[in-house]
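Since the structure of chain H is already known, use the hints to place chains D, X, P, G and B on it.
6 protein chains.
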Amino acid sequence: MSTVRLVEESEASPRVRAVFEDIKATKKVNRVSNIWRALATHPEHLELSWSRLKAIMKPGKVDLLTKEIIALAVSATNGCNYCINSHTVAVQKLGLDDEALGEVLAVVGLFNSMNKLADAYQIEPDILPEAARK
Amino acid sequence: MSTVRLVEESEASPRVRAVFEDIKATKKVNRVSNIWRALATHPEHLELSWSRLKAIMKPGKVDLLTKEIIALAVSATNGCNYCINSHTVAVQKLGLDDEALGEVLAVVGLFNSMNKLADAYQIEPDILPEAARK
Amino acid sequence: MSTVRLVEESEASPRVRAVFEDIKATKKVNRVSNIWRALATHPEHLELSWSRLKAIMKPGKVDLLTKEIIALAVSATNGCNYCINSHTVAVQKLGLDDEALGEVLAVVGLFNSMNKLADAYQIEPDILPEAARK
Amino acid sequence: MSTVRLVEESEASPRVRAVFEDIKATKKVNRVSNIWRALATHPEHLELSWSRLKAIMKPGKVDLLTKEIIALAVSATNGCNYCINSHTVAVQKLGLDDEALGEVLAVVGLFNSMNKLADAYQIEPDILPEAARK
Amino acid sequence: MSTVRLVEESEASPRVRAVFEDIKATKKVNRVSNIWRALATHPEHLELSWSRLKAIMKPGKVDLLTKEIIALAVSATNGCNYCINSHTVAVQKLGLDDEALGEVLAVVGLFNSMNKLADAYQIEPDILPEAARK
Amino acid sequence: MSTVRLVEESEASPRVRAVFEDIKATKKVNRVSNIWRALATHPEHLELSWSRLKAIMKPGKVDLLTKEIIALAVSATNGCNYCINSHTVAVQKLGLDDEALGEVLAVVGLFNSMNKLADAYQIEPDILPEAARK
Chain H
70 MSTVRLVEES EASPRVRAVF EDIKATKKVN RVSNIWRALA THPEHLELSW
120 SRLKAIMKPG KVDLLTKEII ALAVSATNGC NYCINSHTVA VQKLGLDDEA
170 LGEVLAVVGL FNSMNKLADA YQIEPDILPE AARK
Chain D
70 MSTVRLVEES EASPRVRAVF EDIKATKKVN RVSNIWRALA THPEHLELSW
120 SRLKAIMKPG KVDLLTKEII ALAVSATNGC NYCINSHTVA VQKLGLDDEA
170 LGEVLAVVGL FNSMNKLADA YQIEPDILPE AARK
Chain X
70 MSTVRLVEES EASPRVRAVF EDIKATKKVN RVSNIWRALA THPEHLELSW
120 SRLKAIMKPG KVDLLTKEII ALAVSATNGC NYCINSHTVA VQKLGLDDEA
170 LGEVLAVVGL FNSMNKLADA YQIEPDILPE AARK
Chain P
70 MSTVRLVEES EASPRVRAVF EDIKATKKVN RVSNIWRALA THPEHLELSW
120 SRLKAIMKPG KVDLLTKEII ALAVSATNGC NYCINSHTVA VQKLGLDDEA
170 LGEVLAVVGL FNSMNKLADA YQIEPDILPE AARK
Chain G
70 MSTVRLVEES EASPRVRAVF EDIKATKKVN RVSNIWRALA THPEHLELSW
120 SRLKAIMKPG KVDLLTKEII ALAVSATNGC NYCINSHTVA VQKLGLDDEA
170 LGEVLAVVGL FNSMNKLADA YQIEPDILPE AARK
Chain B
70 MSTVRLVEES EASPRVRAVF EDIKATKKVN RVSNIWRALA THPEHLELSW
120 SRLKAIMKPG KVDLLTKEII ALAVSATNGC NYCINSHTVA VQKLGLDDEA
170 LGEVLAVVGL FNSMNKLADA YQIEPDILPE AARK
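Protein chains in written order, with the working numbering: chain H, 70 to 203; chain D, 70 to 203; chain X, 70 to 203; chain P, 70 to 203; chain G, 70 to 203; chain B, 70 to 203.
Read the hints as simulated data drawn from the structure, not as lab findings. Nothing here was measured: the structure is a model prediction, and the numbers come from that model. Wrong hints could be hidden among the right ones.
Listed below are the simulated SDA-like cross-link pairs for lysine to any residue, each with C-alpha atoms no more than 25 angstroms apart in a straight line [what the hints assert, rightly or not]:
| hint | chain 1 | residue 1 | chain 2 | residue 2 |
| --- | --- | --- | --- | --- |
| 1 | B | 96 | B | 126 |
| 2 | P | 162 | X | 132 |
| 3 | P | 127 | X | 123 |
| 4 | B | 130 | B | 113 |
| 5 | G | 162 | B | 125 |
| 6 | P | 123 | H | 97 |
| 7 | H | 127 | D | 195 |
| 8 | X | 96 | B | 120 |
| 9 | P | 162 | X | 196 |
| 10 | G | 123 | D | 91 |
| 11 | D | 127 | G | 112 |
| 12 | X | 123 | B | 84 |
| 13 | X | 130 | B | 86 |
| 14 | X | 130 | P | 126 |
| 15 | B | 96 | G | 163 |
| 16 | P | 97 | X | 196 |
| 17 | G | 127 | B | 195 |
| 18 | H | 162 | D | 134 |
| 19 | P | 162 | X | 195 |
| 20 | P | 93 | P | 169 |
| 21 | H | 97 | D | 134 |
| 22 | G | 127 | B | 163 |
| 23 | G | 93 | B | 75 |
| 24 | D | 97 | D | 193 |
| 25 | P | 162 | B | 120 |
Here are the in silico distance ranges between beta carbons for each label pair [what the hints assert, rightly or not]:
| hint | chain 1 | residue 1 | chain 2 | residue 2 | range |
| --- | --- | --- | --- | --- | --- |
| 26 | X | 74 | B | 133 | 40 to 50 angstroms |
| 27 | G | 123 | B | 79 | 51 to 61 angstroms |
| 28 | H | 195 | G | 124 | 21 to 31 angstroms |
| 29 | D | 193 | X | 77 | 27 to 37 angstroms |
| 30 | G | 83 | X | 162 | 54 to 64 angstroms |
| 31 | P | 163 | H | 98 | 35 to 45 angstroms |
| 32 | B | 77 | H | 96 | 58 to 68 angstroms |
| 33 | P | 163 | X | 128 | 15 to 25 angstroms |
| 34 | X | 193 | D | 98 | 21 to 31 angstroms |
| 35 | H | 96 | D | 83 | 36 to 46 angstroms |
| 36 | H | 196 | D | 80 | 16 to 26 angstroms |
| 37 | B | 90 | D | 96 | 49 to 59 angstroms |
| 38 | G | 124 | H | 78 | 49 to 59 angstroms |
Glycine residues also receive a C-beta, built at the ideal position from the N, C-alpha and C atoms.
Only chain H is shown next, with the shape it has when bound in the complex:
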């Protein structure tokens, strides 16, 4: 159960309602997800969080599916249940089937392991990124 009462769309203040309407129009959905309804208990933080997500998650040099895959990789690494569910749904809607999802998660699993081995042996870098660019 969430630690604050989720704000209902019907009772939202005009400031919150404006964000809720923009979320529904941008995402082409009929209802506002629970995370935004919780953030709405602090309207300025809701605005900051939504405007940032909207700006970052628009397609740019990196396409939307890749961005959602990154979001899923981060969420799985952090073990955030709400976000794992949400971004798994998102990549499925964007066309990733179970086999491709399996490939994505295999990479996530692999580097969670390699990261800890590199730390555990205190390995020093072979080559620095800046050097690679020249």
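Below, chains D, X, P, G and B alone, put in the same frame as chain H:
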């Protein structure tokens, strides 16, 4: 400084040498990275780790650049310096410029924040992935 | 479901009972929280954990509300559900309303993001704390 | 060494320069910290990150010292060296001496331990925050 | 609820069935755990994961109980509920009683705290492992 | 560089000196490690931390080498450099050679991967520990 003495290519046992040669041939590089030279202190673990990485990091339904981006996202979320350096070099070699790298890391930063907010408010899922598939 | 059977107050050994009574007296509550009942399966660890928490969580140069806010920030960053619930209740009891809670969590979300960006770009320190003290 | 070349103030584009000037004016400092110079490789992300930090880190219902303490608690929990240095300097400048810093970090250490014990024993909540508010 | 439909033993392909049979024979159990049934949605990843686990978790210079204790320590530090449950059952089956489990978890709790204190104060190493070997 | 000035043994207050002497006598070493010298900036926290570590790290139902292995597994999972160095030295002194260290770290790497896969697929427990005890 690494916590074990890195195995030199010149002193490697036949078992380790076979893996080192496969690493260099597969990655088309002249030297073996430090992480493999540390893992070589336990030859069976070296074989298991390299064969797994080789199998998972080949292009499949998901392309290699996306896989390296996932590796970077995981490594940044875990704060693994060796791996951040290594995978930043990899995505740069595969053509990601600083602006696209900025987009990738913006998504990483965004969801590290959203993950903690979803946990902090103990938000329950809106919709489950399984439901989305039907 | 907890992985060990929680020790009931009525069946506690004298050693465990003494800690349970001190917890109830110190926190001015009628029952002992589940975490202490689980730790009671190893009485010495229960004593060590409670005496440490009691010593650290008394008001000092830093007041109790700030200490509970730190506890919540740590728990949210770690994604520990039991602790997020427990410390959210604690800060609410100490007077933090939903808007102030929103401010606290906004800071938690912000720096979980900034932390990963600083790591991802491998930024080196601008100034060291020791230098700042002189 | 950072993975991208840090943008120099003298070579910044007008868009980046505007953010750099606002950072210096807001923080009353003579130079822009390395993290902003790295983020400047993606000007839109620089703007989003700075405007968010500026909005969240202004004093509100929660004062600035408490906000910097939260930032330090998060950074220590994540083990982000750059951020630990930066926020330790910040709390020192705001008047926290070594003994008070010790109290803050004692709380950070304590709950990193308690979080893992609560998870390890899979303890279920005693009381939910919502119940506490009624 | 899992994000993919778990593969039933009765409907498994020959490739998946071979792994399932090996899991049951190796672990001397009558049914395949849920984690393997989820991984079976990507048969190659199932094979890679199972063959690696089977190779690493056989007794060697380190005995099986110690290996399961390490698995539990890692799982508790990561806060992975499924794995905490699974490895707690495993150590109990191998003979660890509640008091010994309490000792193990006390060490896990202790060093989650000490790790964060060492990071928070940015302590530099006293002595390096390589030096210790000479 | 540490964020506080490390307390020198020669300038320690009687309260701190007593802890330093106990550390040296208990660990049979000639100098006090840096972590204790940093904690000494808050003498009460130094006492609490040392007395807890001393109590938990004495051999009990679990032997000292296993406890140091757990400490290393936790430190590697958290990526704490100071602690990884320190506990690697400790296990080496207690007789673990490079091959056995490789086995330990293979288990650490394995379950950091399995943990994230179990979370990523949101797997539910097969069997609960309590059930296993009956």
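Evaluated hints:
1. B/96 to B/126: Between residue 96 of chain B and residue 126 of chain B the Cα gap is close to 11 angstroms, so the pair holds against 25 angstroms.
2. P/162 to X/132: 19 angstroms, holds
3. P/127 to X/123: 33 angstroms, violated
4. B/130 to B/113: Violated, because 29 angstroms separates the two Cα atoms, which is more than 25 angstroms.
5. G/162 to B/125: Distance of about 24 angstroms is within 25 angstroms: holds.
6. P/123 to H/97: Violated, at roughly 31 angstroms.
7. H/127 to D/195: With Cα atoms ~22 angstroms apart, residue 127 of chain H and residue 195 of chain D stay inside 25 angstroms; holds.
8. X/96 to B/120: 24 angstroms, holds
9. P/162 to X/196: 13 angstroms, holds
10. G/123 to D/91: Within the cut-off at roughly 24 angstroms; holds.
11. D/127 to G/112: Holds - the C-alpha atoms of residue 112 of chain G and residue 127 of chain D are around 16 angstroms apart, at most 25 angstroms.
12. X/123 to B/84: Judged against 25 angstroms, a Cα distance of about 20 angstroms means the pair holds.
13. X/130 to B/86: Roughly 23 angstroms between the alpha carbons, so the hint for residue 130 of chain X and residue 86 of chain B holds.
14. X/130 to P/126: 23 angstroms, holds
15. B/96 to G/163: 31 angstroms, violated
16. P/97 to X/196: Between residue 97 of chain P and residue 196 of chain X the Cα gap is close to 16 angstroms, so the pair holds against 25 angstroms.
17. G/127 to B/195: Holds: residue 127 of chain G and residue 195 of chain B sit about 22 angstroms apart, inside 25 angstroms.
18. H/162 to D/134: 22 angstroms, holds
19. P/162 to X/195: 15 angstroms, holds
20. P/93 to P/169: It is violated: about 28 angstroms lies between the C-alpha atoms, which goes past 25 angstroms.
21. H/97 to D/134: 30 angstroms, violated
22. G/127 to B/163: Holds, because 23 angstroms separates the two Cα atoms, which is no more than 25 angstroms.
23. G/93 to B/75: Cα-Cα ~55 angstroms, so violated.
24. D/97 to D/193: Violated, at roughly 47 angstroms.
25. P/162 to B/120: Judged against 25 angstroms, a Cα distance of about 32 angstroms means the pair is violated.
26. X/74 to B/133: 40 to 50 angstroms: Cβ of residue 74 of chain X to Cβ of residue 133 of chain B: about 29 angstroms, so the range 40 to 50 angstroms is violated.
27. G/123 to B/79: 51 to 61 angstroms: 56 angstroms, holds
28. H/195 to G/124: 21 to 31 angstroms: Holds: the Cβ-Cβ distance is about 27 angstroms, inside 21 to 31 angstroms.
29. D/193 to X/77: 27 to 37 angstroms: Holds: the Cβ-Cβ distance is about 31 angstroms, inside 27 to 37 angstroms.
30. G/83 to X/162: 54 to 64 angstroms: Taking Cβ atoms as reference, residue 83 of chain G and residue 162 of chain X lie about 60 angstroms apart, which means the hint holds.
31. P/163 to H/98: 35 to 45 angstroms: Holds - the Cβ-Cβ distance for residue 163 of chain P and residue 98 of chain H, about 43 angstroms, lies within 35 to 45 angstroms.
32. B/77 to H/96: 58 to 68 angstroms: Because 60 angstroms falls inside the window, the suggested range holds.
33. P/163 to X/128: 15 to 25 angstroms: 19 angstroms, holds
34. X/193 to D/98: 21 to 31 angstroms: 27 angstroms Cβ-Cβ, so the 21 to 31 angstroms window holds.
35. H/96 to D/83: 36 to 46 angstroms: 58 angstroms, violated
36. H/196 to D/80: 16 to 26 angstroms: 22 angstroms, holds
37. B/90 to D/96: 49 to 59 angstroms: For residue 90 of chain B and residue 96 of chain D the Cβ distance comes to about 54 angstroms; the hint holds.
38. G/124 to H/78: 49 to 59 angstroms: 54 angstroms, holds
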